[in-house]
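Undergrad: In the order they appear, the protein sequences are chains A and B. Heads up: the first sequence runs through residues 1 to 320, numbered per this note's numbering. Heads up: the second sequence runs through residues 1 to 489, numbered per this note's numbering.
No lab work stands behind these hints: they were computed from the structure. We put the CB at the ideal spot given by N, CA and C, even for glycine. Hints may be right or wrong, so weigh each one.
To be verified - Only some residues are given here: those of chain B computed to face chain A with a beta carbon under 7 Å:
no.: 1; residue: Ser-45
no.: 2; residue: Val-49
no.: 3; residue: Gln-167
no.: 4; residue: Ala-254
no.: 5; residue: Ala-276
What the hints assert, rightly or not - Straight-line Cα separation of at most 25 Å, DSS-like style, residue types lysine-lysine; simulated pairs:
no.: 6; chain 1: B; residue 1: Lys-379; chain 2: A; residue 2: Lys-159
no.: 7; chain 1: A; residue 1: Lys-159; chain 2: B; residue 2: Lys-318
no.: 8; chain 1: A; residue 1: Lys-159; chain 2: B; residue 2: Lys-277
Next come the chains, spelled out residue by residue.
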Amino acid sequence: MTHTGLEFAGFESADTVSARLASVGYISTASISTAVYLAHHLRKPILIEGPAGVGKTDLARSLAQSMEFPLLRMQCYEGLDESKALYEWKYGKQLLYTQILKEKIHHLIGDADGLDESFKKLAGFQDLFFSREFLEPRPLLKAMEQAGGSVLLIDEIDKSDEEFEALLLEVLSDYQVTVPEIGTIEAIVPPLVILTSNNTRELGDALKRRCLHLHIDFPNADLEARIVRSRVPDISERLLAQLVAFIQLVRDENIRKLPSISETIDWAKTLLLLHADSLDPVMVRNTLNVILKRQTDIAEVNSQVDQLVRKVLTEQAESA
Amino acid sequence: MERTLTNYIRALRTAGAGVSTTEAIDAARALELVGYQDRGLLKMSLAAVLAKSQDEEVLHDRLFDLYFSYAETKPPRQTQSEGEDQEDSDSASDGSVSDSEGQESNGQPSNGQKQPGSGQGGGSGQDKTGEAGEDAPLDLLELAQSGDATRMAMAMAQAGARADVDQIRFATQVPYFVRRMLEELGAETLDKQLMAALDERTEEGTARAEALIEARSTLMRNARAYVEARFEVFGRSASEAFMNEVMMDRSLGALTKSDMERMKPIIAKMAKKLAAKHARRRKVRNRGQLDLRRTLRANAGNDGVPFDVIWKTKRKDKPKIVTICDVSGSVARYVRFLLLVLYALREKVTDLETFCFSSHLVDVNHDLESLPFDAAMDKILREVGNGSTDYGRAFTDLSRQYDSTIDKRTTVLILGDGRNNNGDPAMGVFQDIAAKAKRVIWLCPEHPTSWGSGDSALLQYKPFCSSLTHCSTVADLEHALDDVLLAYG
Numbered sequence: 001m002t003h004t005g006l007e008f009a010g011f012e013s014a015d016t017v018s019a020r021l022a023s024v025g026y027i028s029t030a031s032i033s034t035a036v037y038l039a040h041h042l043r044k045p046i047l048i049e050g051p052a053g054v055g056k057t058d059l060a061r062s063l064a065q066s067m068e069f070p071l072l073r074m075q076c077y078e079g080l081d082e083s084k085a086l087y088e089w090k091y092g093k094q095l096l097y098t099q100i101l102k103e104k105i106h107h108l109i110g111d112a113d114g115l116d117e118s119f120k121k122l123a124g125f126q127d128l129f130f131s132r133e134f135l136e137p138r139p140l141l142k143a144m145e146q147a148g149g150s151v152l153l154i155d156e157i158d159k160s161d162e163e164f165e166a167l168l169l170e171v172l173s174d175y176q177v178t179v180p181e182i183g184t185i186e187a188i189v190p191p192l193v194i195l196t197s198n199n200t201r202e203l204g205d206a207l208k209r210r211c212l213h214l215h216i217d218f219p220n221a222d223l224e225a226r227i228v229r230s231r232v233p234d235i236s237e238r239l240l241a242q243l244v245a246f247i248q249l250v251r252d253e254n255i256r257k258l259p260s261i262s263e264t265i266d267w268a269k270t271l272l273l274l275h276a277d278s279l280d281p282v283m284v285r286n287t288l289n290v291i292l293k294r295q296t297d298i299a300e301v302n303s304q305v306d307q308l309v310r311k312v313l314t315e316q317a318e319s320a
Numbered sequence: 001m002e003r004t005l006t007n008y009i010r011a012l013r014t015a016g017a018g019v020s021t022t023e024a025i026d027a028a029r030a031l032e033l034v035g036y037q038d039r040g041l042l043k044m045s046l047a048a049v050l051a052k053s054q055d056e057e058v059l060h061d062r063l064f065d066l067y068f069s070y071a072e073t074k075p076p077r078q079t080q081s082e083g084e085d086q087e088d089s090d091s092a093s094d095g096s097v098s099d100s101e102g103q104e105s106n107g108q109p110s111n112g113q114k115q116p117g118s119g120q121g122g123g124s125g126q127d128k129t130g131e132a133g134e135d136a137p138l139d140l141l142e143l144a145q146s147g148d149a150t151r152m153a154m155a156m157a158q159a160g161a162r163a164d165v166d167q168i169r170f171a172t173q174v175p176y177f178v179r180r181m182l183e184e185l186g187a188e189t190l191d192k193q194l195m196a197a198l199d200e201r202t203e204e205g206t207a208r209a210e211a212l213i214e215a216r217s218t219l220m221r222n223a224r225a226y227v228e229a230r231f232e233v234f235g236r237s238a239s240e241a242f243m244n245e246v247m248m249d250r251s252l253g254a255l256t257k258s259d260m261e262r263m264k265p266i267i268a269k270m271a272k273k274l275a276a277k278h279a280r281r282r283k284v285r286n287r288g289q290l291d292l293r294r295t296l297r298a299n300a301g302n303d304g305v306p307f308d309v310i311w312k313t314k315r316k317d318k319p320k321i322v323t324i325c326d327v328s329g330s331v332a333r334y335v336r337f338l339l340l341v342l343y344a345l346r347e348k349v350t351d352l353e354t355f356c357f358s359s360h361l362v363d364v365n366h367d368l369e370s371l372p373f374d375a376a377m378d379k380i381l382r383e384v385g386n387g388s389t390d391y392g393r394a395f396t397d398l399s400r401q402y403d404s405t406i407d408k409r410t411t412v413l414i415l416g417d418g419r420n421n422n423g424d425p426a427m428g429v430f431q432d433i434a435a436k437a438k439r440v441i442w443l444c445p446e447h448p449t450s451w452g453s454g455d456s457a458l459l460q461y462k463p464f465c466s467s468l469t470h471c472s473t474v475a476d477l478e479h480a481l482d483d484v485l486l487a488y489g
């Protein structure tokens, strides 16, 4: 295995990471960039935790894009097993070849006398059915086979079973996959691995120990404004400041499912579509379902919309 | 590996964050990569490598600031004697580096062959305090008077290391370690000089004595500050952990108001542990039982040759708990804790119904869900708690009004002392409930020796309970709930 790491310009510092991510429209924070920088140089996977919709998956996508690496994505779910994650034998093809072999077997051992000699002849052939030819690579194995490097995203690892975690360990620490019939397949270039978790269950220590830990939380107003601006460039500064301030206030309310960045972006797009240039209570009421996904939450916020909007507007007026 | 880093990792471990050797090695590699120059970067890097959960990250944030704050004391640039300035500039520009070197040289205190100005940032301080010879006390006086924070910090760090200050566990040990540090600094000779100066009985002598007293108190102040800082890093969490352990086994009835606050994080932690332990899959493979129908269907494409074999699975019940709490005077305290734990377990036990009673049964789910816990508890105790206890009535109410809440996957959890004021225990109703439920678990805060004494109907109920346990500490509660959840494992 080479220690030179990924063969692209490389990340010389955490700031380079931020700059590269910014070039593809991902606004990074110092801690995100530091984690990526370390992961790149220490060749360790990153385990990202945090509420849904704060850009965990998007980080992987943006990284792949900024490094011009292919992104291999594996969505985890309950019951995911090695045949879906690592590799599978191409049963159909094996079956087909068996049929062909059945017909041709006469030619192969035709002139052999007796069972012993036939066996000897057959043994001369390689282990035909369990070779790379018949191996169907799944995301993890595919990532090992990328000669130019890759970003491997293992999404929502907390949804998978505990047994699956154990399966990942070999891939995560040694960047290799062992197929009993063939042997160990090492990564040509170790991929940059990103795991995401919504923390629906506690992950095993063994897995955590092999990863760098990164917690992405809801952004502060300033960062959120920058993110929305990069995603919805047409929005006016006035509206942007207002809607971000509003979202920040809503996050302090007593609601079950807090609006995340993706919801803020959706809302910005919605308001832009409605040609809004400033928040007003009626429009906010009508579009609450964009940022809140639970009926009880909507009801809770709905009763306070006037108050919240007024607060946002006066604060903006004061700062201006 | 760097001593500063290993010590820091040790501090993290004492504080309860599990740092494995692999992580320590990673931390060293990360340190090599980012260096000490950028404090913010270093902090984030170590957080990424060493902290494996949000809790640990908070811990790391706190400890990092404590641990590296001492090293950060801004060194004044001038006061270095003998032209050491150039060599020193490297470390003086960065407090953390000087700290690390200071600590490193402590590794071999006997290694005295370093000449002053040999190019080591920590050289000067080390040599001067390291040679515990004649000139050491003079040095102390000069050190205290010079007001040079870097040299003082260095001297403190070295004396601290020799006095093993990092072993500190309890706040009461602070004076002891301060004395040890002063001894290590060589304050004894300072004292002798002071006595000598006083014995002179001249004006000059008195002036010298005053200077010496002043110097001594400066050293003392610095030593104390150093020890206290180290206590924050190494001691506080250790003594916290010890206190928490004590708490686990203390009777809930004997807890004071201030203890309650301490209990909350302990209980939250315990709930998390329980939830993690029981966070198993809800489906188990029934090994060896082939699901023929699904196998055939899955393999239709393979001409019916069963490549993919599908086994029968068994779905496990989700925990469903109906809690019935006696909130009359004596038991009320315990109820608070049981409910605190149960509601902390909310993520795991989604199906939870809570009823409280003294004279009659009240459904308190709404209060507990809509109000903050303490407010809900106070309200319940106020509204339900002041009646004479009637277990029979409570069970009758339950079976009449809330009959549908109990089915064959329900665990009925009863918390009470069974003191029924000699009323009708309604055995028949209780028997029916027990027959319908999956299990009936009775937790009694009273000691087993007093079960059934006086007006306690506990022993009458006992035959129909799946288990009847004495439950008076948090540790007991943990066992009981573990047992409840285990039935659904």
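Undergrad: Give a verdict on every hint.
TA: Status of each hint after checking the structure:
no.	hint	in the structure
1	Ser-45	holds, 6 Å
2	Val-49	holds, 6 Å
3	Gln-167	violated, 28 Å
4	Ala-254	violated, 32 Å
5	Ala-276	holds, 4 Å
6	Lys-379/B - Lys-159/A	violated, 39 Å
7	Lys-159/A - Lys-318/B	holds, 17 Å
8	Lys-159/A - Lys-277/B	holds, 16 Å
Consistency with the previously given hints fails for numbers 3, 4, 6, ordered from lowest to highest.
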